[in-house]
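Visitor: Letter by letter, the chains look like this.
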Amino acid sequence: MNLFEYSAGELHKKLLAKECSAVEITESVLERIDACEEKVGAYLTVTGEQAKAAAAKVDAKIAAGEEIHPLAGIPMGIKDNICTKGVTTTCASKMLYNFVPPYNATVMDKLEGVDAVMIGKLNMDEFAMGSSCENSHFKLTHNPRALDRVPGGSSGGSAAAVAAGEAVVTLGSDTGGSIRQPAACCGIIGLKPTYGSVSRYGLVAFASSLDQIGPMGRTVEDVANLYSIICGRDPMDATSARREYPDFAAQISGDVQGMRIGLPKEYFGPGVEEGVRAAVMDSIHTLERKGAKVVELSLPSTDYALSAYYIISSAEASSNLARFDGVKYGYRAEGYTSLTDMYERTRSEGFGDEVKRRIMLGTFVLSSGYYDAYYNRAKLLQKTIAEEFTAAFEQCDIIATPTTPTTAFRLGENVGDPLKMYASDICTVTVNIAGLPAISLPCGMVDGLPAGLQLIGPRFSEGRLFNVSRVLEQERGGLCAVAAL
Amino acid sequence: MNYVTVIGLEVHAELSTKTKIYCSCKNSFGSEVNSNCCPVCTGMPGTLPTLNEKVVEYAVKMGYALGCKINNVCKSDRKNYFYPDLPKAYQISQFDIPLCEHGYVDAIIDEEGNTKRIGVTRIHIEEDAGKIIHADPYPGKSLVDFNRCGVPLIEIVSEPDMRSSAEARAYLETIRSILQYLDISDCKMQEGSIRCDVNVSVHPEGSDKFGTRCEMKNVNGFSNVVAAIDYEAKRQIEILEAGGTIQQETRRWDAATGTNQLLRSKEDAQDYRYFPEPDLLTIVVDEDRLEELKNEIPELPNVKLKRYMTQYGLPYFDANLLTENVDKAKFFEDCMALERCQPKNVSNWLLGDVSRILNEKNIGLDKTSLTPDKLCDMIALIEKKTISNTAGKTVLEEIIFSDKTADDVVKEKGLAQISDSSALEGIVQQVLEANAKVVADYKGGKSNALGFLVGQCMRLSKGQGNPTVMRELLLKALG
Chain A
1 MNLFEYSAGE LHKKLLAKEC SAVEITESVL ERIDACEEKV GAYLTVTGEQ
51 AKAAAAKVDA KIAAGEEIHP LAGIPMGIKD NICTKGVTTT CASKMLYNFV
101 PPYNATVMDK LEGVDAVMIG KLNMDEFAMG SSCENSHFKL THNPRALDRV
151 PGGSSGGSAA AVAAGEAVVT LGSDTGGSIR QPAACCGIIG LKPTYGSVSR
201 YGLVAFASSL DQIGPMGRTV EDVANLYSII CGRDPMDATS ARREYPDFAA
251 QISGDVQGMR IGLPKEYFGP GVEEGVRAAV MDSIHTLERK GAKVVELSLP
301 STDYALSAYY IISSAEASSN LARFDGVKYG YRAEGYTSLT DMYERTRSEG
351 FGDEVKRRIM LGTFVLSSGY YDAYYNRAKL LQKTIAEEFT AAFEQCDIIA
401 TPTTPTTAFR LGENVGDPLK MYASDICTVT VNIAGLPAIS LPCGMVDGLP
451 AGLQLIGPRF SEGRLFNVSR VLEQERGGLC AVAAL
Chain B
1 MNYVTVIGLE VHAELSTKTK IYCSCKNSFG SEVNSNCCPV CTGMPGTLPT
51 LNEKVVEYAV KMGYALGCKI NNVCKSDRKN YFYPDLPKAY QISQFDIPLC
101 EHGYVDAIID EEGNTKRIGV TRIHIEEDAG KIIHADPYPG KSLVDFNRCG
151 VPLIEIVSEP DMRSSAEARA YLETIRSILQ YLDISDCKMQ EGSIRCDVNV
201 SVHPEGSDKF GTRCEMKNVN GFSNVVAAID YEAKRQIEIL EAGGTIQQET
251 RRWDAATGTN QLLRSKEDAQ DYRYFPEPDL LTIVVDEDRL EELKNEIPEL
301 PNVKLKRYMT QYGLPYFDAN LLTENVDKAK FFEDCMALER CQPKNVSNWL
351 LGDVSRILNE KNIGLDKTSL TPDKLCDMIA LIEKKTISNT AGKTVLEEII
401 FSDKTADDVV KEKGLAQISD SSALEGIVQQ VLEANAKVVA DYKGGKSNAL
451 GFLVGQCMRL SKGQGNPTVM RELLLKALG
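Those sequence lines, one after another, are chains A and B. For the record, in the first sequence the residue sitting at position 345 is 345 according to my numbering, with numbers rising by one throughout. For the record, in the second sequence the residue sitting at position 48 is 48 according to my numbering, with numbers rising by one throughout.
Errors might be hidden in some of the hints.
Said to hold, decoys possible - In silico lysine-lysine, PhoX-like type, Cα no more than 20 Å apart, as pairs:
#1 A:Lys-328 with B:Lys-141
#2 B:Lys-75 with A:Lys-379
#3 B:Lys-462 with B:Lys-413
#4 B:Lys-131 with A:Lys-328
#5 B:Lys-344 with B:Lys-385
By construction, these hints were calculated from the structure, which means they are not laboratory data.
Starting from the given sequences, assemble the full structure and let the hints guide the process.
Guide: In structure tokens, the structure reads:
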């Protein structure tokens, strides 16, 4: 096995046993990127020299006999909407094609603090709007499990890089399913944390009340380890929760005896492909065999969730993206004749179609005369959806659903049909609306493509999600293998 | 036809907190362009605001000072619009639930101390924007200075309760003095720390229906507010007199020409698309803290001014100057607490020679050795006629920057007043002989010549002669 194929947990053991150096690990991943990036297209920027220097620092620590963190020397990729000091952060938009932040996102400071090695910045749908990575201004990303398929989105680059072995773990962001859906499409693990558990400082905002940064990887332990580092109260983010977090990876028991698994009927409707449903039910049966009990339940407002999601997220996006006006940084159109003309040209030329569609939608729903009919009703619905989850968690400990109703679609298949594209978020958006944590795990293959199981828990129940995930991971045979390319 | 002018004001006052409202940049004026700003206050991608709680507390104090109901659970909202001085393209403000509402200001509108109650609709907190600079050496280009971005503001919105520019001025002056008393704003007009949006309408006298209003934005300085109101009222009356109708619109006041021009009509009014700021939590001030803040509110300047007039019998002029700043008012009241001398005498000395010395040295009372005790001792000596007023000035000069008491100086310099007429008759005689012409004038009917003669006697007695006694001796001698 090549070094790039191991999990972070295994690589950490190898580093401690001096079976390899951190520089060798980084070089292995860089070579893998060289070998398959042309087929996959996960990266927008590769920071190879910086990565090797960071790895060398870890080797020096090991040589000096210093203790190192489980993620020290581990090559990781970062979604390109997370600000990295001195490294271009584009959000896959022409608007920010040249934007180099003079500051780090809080999560980047935390990762640097444990000597993790950033290997580069990952492709995504422009400003995290999309479900296929096809809305990137710069390039297409291919699904490493089937190169003619989309990797999902918006964190498509983050999922593809992990599946291809181009990074050991990655960070994505999830506003309506943007970590879980691509994780499912690419056959890896992705966690959307509880809203407020990971600082959003330095995450270029799409929808502030829904966005969360989260970890992606090929083992539950790696995801738990990465989550343990990035979570925590941040005084720079007023919405980050004031609480203490355990070391999640150390707490995974892998015991589901007596656990009640809720199956909401609305998530298993006719829109869900038969193969996906069967794969998900296989995992449920596994959990039953391990001592869990199944509880059937209903979350009746699910049908309205997609509408509420697109209203709230677009409203916030229309305001969050207003700052990209050509005045201060990023793209500015040429040949303008006035201030208004500069604004109009810059924003018309700098944003892609999907972003403009959402800005217009969001502007409309916030407009005087429409606010009550749309935004206010969506916010009421948000409350109802959250309450239904709270009630559901009185009957069960965890909710299981498909992550996506289908497996990864073909590149180009849904590009002309935004509504069909939006429908791929149907199982994931409720989690963001309710601020809950959810994890997506591979649950088998359907016609050669990965299917994803989503586990949803009450707020701050990430530990419980990792536990259940570990049971399924062991059953499946451990590490999600790197795609053969 | 006679018209009634109706005025409402929106006052934006910069708060003097140490740091800005949503980041840790210093809240200071006059830094080098774009040197006092950070990724947060310039709205760089991914950055987030965190609320400076002091801003909330300052605003709550103003709310209590204006008799407002405090919404101690409220929220922040985004006001969305594009302008280069607004780097996020939205201003964090408050929309439907302001921190304070339903208050009032008792503005003193004349020298009798009469007040008019002006309703205060609301007070909310918000961030200031940057500044656009159109200047050399970049002809044809506009530059932006972001230093002012994130400076905390309160917006105080009045009811349309004012009926003249004089009332508007009185209202503004009261607001300013209250801000100063609470020590929550620098109130420096030239630095733009108080700015005003002015709403004006007119309607025929006798009608109870208000006319259509026009708004003038960002009027700086009280005299500009007065000029802007008078100009706008006149403009509207002229339109009505000519048979026209007033269109609701926003107009730009041009201080240089003393006129205003159309900025935008009602149809072009901006839709700010307010919605709750998702990056900030609900604002909550707990009941205990509210009580503490309420207890920190001092007696307000307008209330104090009226009290000085009624309790101490001071004229408006004195009361107004004494209450102008907290330190002076406190000094005066400490003097009154000693119950040693007359209020008007204390006021005369404080506003007269004491102020003159402070102004000359450009210092405050706290930089002197003068205490209420020392000042009242000195004034009491005058009141008891132990020393003359003129000698009092000498005493003040001696005691204001030293540890000496008035008694020390009087003894040291032999300033005690001489009231024994036999000791003064010689002086009177000398003065009469030396000023034969003035004496003749007096006898010829120029009664004010007497004052001159008294002055000459005082001079000759080195200020020690009792002027009343001198006067009597002079009158007697002049027959």
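Visitor: Hints first: check each against the structure and report whether it holds.
Guide: Hint-by-hint comparison with the structure:
1. For the given pair, A:Lys-328 sits about 14 Å from B:Lys-141 by alpha-carbon distance, which is consistent with the 20 Å threshold.
2. For the hint pairing B:Lys-75 with A:Lys-379, the CA-to-CA distance comes to about 15 Å; that is within 20 Å, so the pair holds.
3. Between the alpha carbons of B:Lys-462 and B:Lys-413 the distance comes to roughly 11 Å, so the proposed pair stays at or under 20 Å and holds.
4. Distance restraint check for B:Lys-131 and A:Lys-328: the Cα-Cα separation of roughly 14 Å lies within the 20 Å cut-off, and the hinted pair is therefore satisfied.
5. Annotation: proposed proximity of B:Lys-344 to B:Lys-385 holds, straight-line Cα distance about 16 Å (limit 20 Å).
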